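> Please take these sequences and the hints and turn them into a complete structure.
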Amino acid sequence: MDELQLYTYIAVFGSFGLYFAIAWWARAGSTSEFYVAGGGISPIQNGMAIGADWMSAASFISMAGLIAFLGYGGSVFLMGWTGGYVLLAMLLAPYMRKHGKFTVPEFISDRYYSKTARIVAVICLIIASLTYIIGQMKGVGVAFSRFLEVDYGLGLGIGMGVVWVYAVLGGMKGITYTQIAQYCVLIFAYTIPAVFISLQLTGNPIPQLGLGSTLADGSGVYLLDKLDMVVTDLGFKEYTTDNLGGTLNMFAYTLSLMIGTAGLPHVIMRFFTVPSVQAARSSAGYALVFIALLYTVAPAVGAMARLNLMSTIEPAAGQNLEYEQRPQWFKDWEKTGLLKFEDKNGDGKIQYVADAKTNEMVKVDRDIMVLANPAIANLPNWVIALVAAGGLAAALSTAAGLLLAISSSVSHDLMKGVFTPDLTEKNELLAGRIVMTISILVAGYLGLNPPGFAAGTVALAFGLAASSIFPALMMGIFAKKMSGTAAVWGMIAGIGITMLYVFQHKGIMFIPGTSFLGGMEPNWFFGISPNAFGAVGALVNFAVAFAVGKVTGPAPAHIQQLVESFRIPRGAAVAAADH
Amino acid sequence: MENNNAYWRDNLRLIVICLAIWFVVSFGFGLLLVEPLNAIRIGGYKLGFWFAQQGSIYTFVALIFWYSSQMNKLDKKHNVEEE
Numbered sequence: 119m120d121e122l123q124l125y126t127y128i129a130v131f132g133s134f135g136l137y138f139a140i141a142w143w144a145r146a147g148s149t150s151e152f153y154v155a156g157g158g159i160s161p162i163q164n165g166m167a168i169g170a171d172w173m174s175a176a177s178f179i180s181m182a183g184l185i186a187f188l189g190y191g192g193s194v195f196l197m198g199w200t201g202g203y204v205l206l207a208m209l210l211a212p213y214m215r216k217h218g219k220f221t222v223p224e225f226i227s228d229r230y231y232s233k234t235a236r237i238v239a240v241i242c243l244i245i246a247s248l249t250y251i252i253g254q255m256k257g258v259g260v261a262f263s264r265f266l267e268v269d270y271g272l273g274l275g276i277g278m279g280v281v282w283v284y285a286v287l288g289g290m291k292g293i294t295y296t297q298i299a300q301y302c303v304l305i306f307a308y309t310i311p312a313v314f315i316s317l318q319l320t321g322n323p324i325p326q327l328g329l330g331s332t333l334a335d336g337s338g339v340y341l342l343d344k345l346d347m348v349v350t351d352l353g354f355k356e357y358t359t360d361n362l363g364g365t366l367n368m369f370a371y372t373l374s375l376m377i378g379t380a381g382l383p384h385v386i387m388r389f390f391t392v393p394s395v396q397a398a399r400s401s402a403g404y405a406l407v408f409i410a411l412l413y414t415v416a417p418a419v420g421a422m423a424r425l426n427l428m429s430t431i432e433p434a435a436g437q438n439l440e441y442e443q444r445p446q447w448f449k450d451w452e453k454t455g456l457l458k459f460e461d462k463n464g465d466g467k468i469q470y471v472a473d474a475k476t477n478e479m480v481k482v483d484r485d486i487m488v489l490a491n492p493a494i495a496n497l498p499n500w501v502i503a504l505v506a507a508g509g510l511a512a513a514l515s516t517a518a519g520l521l522l523a524i525s526s527s528v529s530h531d532l533m534k535g536v537f538t539p540d541l542t543e544k545n546e547l548l549a550g551r552i553v554m555t556i557s558i559l560v561a562g563y564l565g566l567n568p569p570g571f572a573a574g575t576v577a578l579a580f581g582l583a584a585s586s587i588f589p590a591l592m593m594g595i596f597a598k599k600m601s602g603t604a605a606v607w608g609m610i611a612g613i614g615i616t617m618l619y620v621f622q623h624k625g626i627m628f629i630p631g632t633s634f635l636g637g638m639e640p641n642w643f644f645g646i647s648p649n650a651f652g653a654v655g656a657l658v659n660f661a662v663a664f665a666v667g668k669v670t671g672p673a674p675a676h677i678q679q680l681v682e683s684f685r686i687p688r689g690a691a692v693a694a695a696d697h
Numbered sequence: 047m048e049n050n051n052a053y054w055r056d057n058l059r060l061i062v063i064c065l066a067i068w069f070v071v072s073f074g075f076g077l078l079l080v081e082p083l084n085a086i087r088i089g090g091y092k093l094g095f096w097f098a099q100q101g102s103i104y105t106f107v108a109l110i111f112w113y114s115s116q117m118n119k120l121d122k123k124h125n126v127e128e129e
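From first to last, the protein sequence lines stand for chains A and B.
If you want the numbering used here, it's the 1-based position in the first sequence plus 118.
If you want the numbering used here, it's the 1-based position in the second sequence plus 46.
Worth double-checking, as some hints may not be accurate.
As the list claims (entries may be wrong) - Result set (DSS-like, lysine-lysine): computed pairs, CA atoms no more than 27 angstroms apart in a straight line: (1) A:K598 <-> B:K119; (2) A:K355 <-> A:K219; (3) B:K123 <-> A:K544; (4) A:K453 <-> B:K119; (5) A:K598 <-> B:K122.
Unchecked claim - Partner residues aside, some chain A positions facing chain B, computed with beta carbon under 8 angstroms: (6) Q123; (7) V204; (8) R399.
Please keep in mind that the hints were generated in silico from the structure rather than gathered at the bench.
Fair warning: this is a prediction, and the values are worked out from it, not measured in the lab.
Beta carbons are placed, not taken as given, at the ideal position from N, Cα and C, and that holds for glycine.
Structure below.
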């Protein structure tokens, strides 16, 4: 076993031991503790837990790599995945906390006085959460197999076992405390390499400032100017202005991610765990502070990784790296098939240019950038091991949060709420744990045999949440006359059109060859990519709900009173019609 | 009841102000006005690029805390804070 592998075992198993210990210490005894941690989590603790819950393998492993290759276009992820918290803090969280129930479908059912609404909400929630979780399980499998050097399937199996133990035993109380630990692990793992690399390149230890500084090589050239120059010389688009499919697409993409963020049930659920309405507002702020720590470092990680990659391959103009002299990390990632070189002109050197005909780096998978970054920059092995532990913490914590959202919606909303109302608390807990186990198996199975998932999965999860759940919740609070029937039709129309658009272009459940009108760009509605379509779906949801609302007339008086009670922090919420 | 309506109106006004700022820093400065703003530089950052990848996020954080503190004041002013 070499040094790197030893450090990786220590970092990964050390951090897992910690999570298990915490899950055991904080295991849940009641439904209230299982779902909402007994409502006794402070805003700062909750903010950290939301941070870990929110920042998944997509944020940790994928995002900076995407930014490295998209440049300015990558801003959609930065703004989209943070701006949603502003919407949450002002439009949803405090009022839903005031309502004081366990789950999102429960809120929808009370507000829209309808079991149909509850069932539709559960279905939307399960589709959005399960698609999201499959991506996480896949990330867990890839990270385990790469760093523990085991088979992908075995890596996935280990990951499933770990998630099962602390999600099933601990419930929300255990998850909240383990997520606090996971946040600490993942933020250290992310920022430490960034600080080192920023120091190396610019002499400034703060990556956010380093990105705007001059290079430390004495040339006095700004890092971003250098990067622009390097990439445009090789025929790529200018880093700081390269936009992603035009302004309208970027606009819709950002908006879709923002409202998707505010509509994802595993994030909203977190606001049920705080003790008061005031705490719900400030929790969103603390959550965003902890998230912003990573999100403002990510652009520096992306830009610096790109610059390091470029200067490794071509240290000075025209002096390309000999393939035989390539560094160890290059060889390691070649083995995974995610990095590929093809000597097209037969000169034994690596040419990396934009023109596909002469480009010899035939595959540079964006997802390897964050994991490969410390090695590219020649950082010590313990830093690389830390990144492995961080990536796993990010993937596992999000998977656990999503599993909890799914299990509570099935056991609490469908079983207790609709089909078997006389379920005892003990049996409900048991049902919740069984549903979690089944969900892990389903997600693991789909992660083992991914039907071409990955990027499309995340887009669909956000699009679905944006087009179904967010509008229903927002209208439930801000449009007090909105009727139940109107909201149900709004949700169905919003999620329906979004699924239609995504599947039309990407294939039914992403299976290649089943896209019924062809997946090509010329067919995009106003040039909006399927990933960005959730914003349009949300508009359709609002429009349909208001139109149907005109026909059905306003919600009954006792529901309007209920809405008024959400809006005021003081006093208990007026009990909805007993259901 | 009257008091509760006044509280809600004040809240809505505050939300509109916050969301206007939210929109301007991200969709405005970061997307729609990015080209003219890129003519201005702070250090190595083009200003439009900075708003898209840094400035908008800092503003979001500040906005939530500001909203939250203003709401705490409104809760007291209208006497609707939690007991």
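> Okay, which hints does this one fail, numbers in order?
2, 3, 4, 6
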